[in-house]
Every structure is written in C-alpha cells, then in structure tokens.
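Enquirer: Be aware that the sequence shown starts at 33, since it is given in this note's numbering, and climbs by one per residue.
Just so you know, the hints here were simulated from the structure itself, not pulled from any lab data. Among the hints, a few may not be true.
Using C-beta positions, here's what the derived DEER-type ranges look like [stated by the list, open to error]:
1) 64 with 89: 19 to 25 Å
2) 151 with 87: 20 to 26 Å
3) 171 with 76: 29 to 35 Å
4) 76 with 188: 46 to 52 Å
5) 68 with 111: 50 to 56 Å
6) 132 with 87: 14 to 20 Å
7) 145 with 88: 34 to 40 Å
Computed from a prediction, not measured in an experiment: that's the story for all the values here. Even for Gly, the Cβ is constructed at its ideal location relative to N, Cα and C.
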Amino acid sequence: MPIIIPAARGMYFEEFEVGQKMISPGRTITESDVVGFAGLSGDFNQIHTDEQYAANSPFGARVAHGLLGLSIASGLALRTGVLEGTVMAFREIIGWKFTKPVYLGDTIHVEMEITATKAMKRLGGGSVILQMDVKNQNDETVMKGSWNTLVISKPE
C-alpha cells in the first residue's frame with residue numbers, strides 16, 4: 033500500500049526569501065494560560081500567581097511567565113500558515129530578549145521577517161532564520177530575537 037503524504041499548507045524551503053515579512057493573528061493571555069503554565073512548568077513564582085504580592089512588585093500586577101509568552105509566540109508563528117506541514121524542526125533560539133512584561137489580559141501577536149536561508153540538502157531542506165518581534169496590543173515589543181527553523185524542500 034502506498035504511503036499518502038497530506039498536502040502541505042506551508043511554504044517550502046525554496047519559497048522563503050530574505051526580507052519576506054509575516055504577521056500572526058493575536059492571542060489574549062488569560063488566567064487559565066498562566067495557571068496552566070505554572071502547573072506544567074512547576075514555576076509558581078509569586079509574580080505570576082499571587083495578586084497581592086505582584087501588586088507591590090515593580091510590575092504592579094501579575095505578569096505571565098516569559099517562557100509562556102515565548103511558547104504562545106511559537107504557536108502564533110505557526111498560525112501564519114507558512115510553516116504548517118513544512119517545518120521539520122525548531123532548531124535554535126538566537127539572542128532572545130524579554131523587553132517588557134506581558135500582563136494577564138494583554139493580546140500579543142508576532143511580526144516575523146526572514147533574515148537568512150541556507151540550503152541543507154542532506155536533510156532534505158534548509159535552515160530559515162526568522163527575526164521575531166512579539167508585540168502587545170499597544171504595538172510595544174515585549175520580546176524579540178531570532179529563531180532557526182529547518183524547513184523541508186519541495187518534493188521533486
């Protein structure tokens with residue numbers, strides 16, 4: 033019986049060009065997100081889980097875990113569709129910086145730009161470097177950096 037490979041919705045390695053830009057849909061950070069992530073990660077730091085403590089912190093309110101924001105950003109990047117069914121691996125985070133807090137109730141989105149590509153024929157695709165700029169509802173950058181992803185080549 034032949035193997036059936038579902039049609040990919042994303043872009044193949046050869047379709048990525050330096051300078052291409054994509055913007056993801058937004059997603060609001062909820063109480064459930066923070067509580068669920070605390071449970072999953074074991075990070076119950078009071079800045080995330082204790083409203084009274086956080087009110088007296090430099091942030092003035094509870095904030096989402098930085099790694100929760102990064103995780104949500106990865107999902108938002110996938111929701112652009114450009115990597116759907118064509119990404120092989122998330123290879124590397126390059127120079128990631130958390131620049132502003134993400135508060136519960138903030139809505140974040142990701143602005144991505146292709147900054148480099150490198151063919152890796154032995155892997156059946158190539159490396160695509162995405163400059164990521166995660167912004168809140170006020171268009172303020174809350175985190176940024178680059179991701180190295182491996183993307184498959186077009187079938188021959």
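Enquirer: Are the hints correct? Go through all of them and say.
Expert: Hints versus structure:
Roughly 22 Å separates the CB atoms of residue 64 and residue 89, a value that falls within the hinted 19 to 25 Å. Checked against the given bound of 20 to 26 Å, the beta carbons of residue 151 and residue 87, roughly 52 Å apart, lie outside it. Here the CB-CB span from residue 171 to residue 76 is close to 31 Å, well matched to the stated 29 to 35 Å. Taking the beta carbon of each, residue 76 and residue 188 are about 51 Å apart, inside 46 to 52 Å as hinted.
Taken as a hint, the range 50 to 56 Å is violated for the pair residue 68 and residue 111, whose Cβ atoms sit roughly 19 Å apart. Look at residue 132 against residue 87: about 18 Å separates their beta carbons, and that is inside 14 to 20 Å. With their beta carbons about 39 Å apart, residue 145 and residue 88 fall inside the hinted range of 34 to 40 Å.
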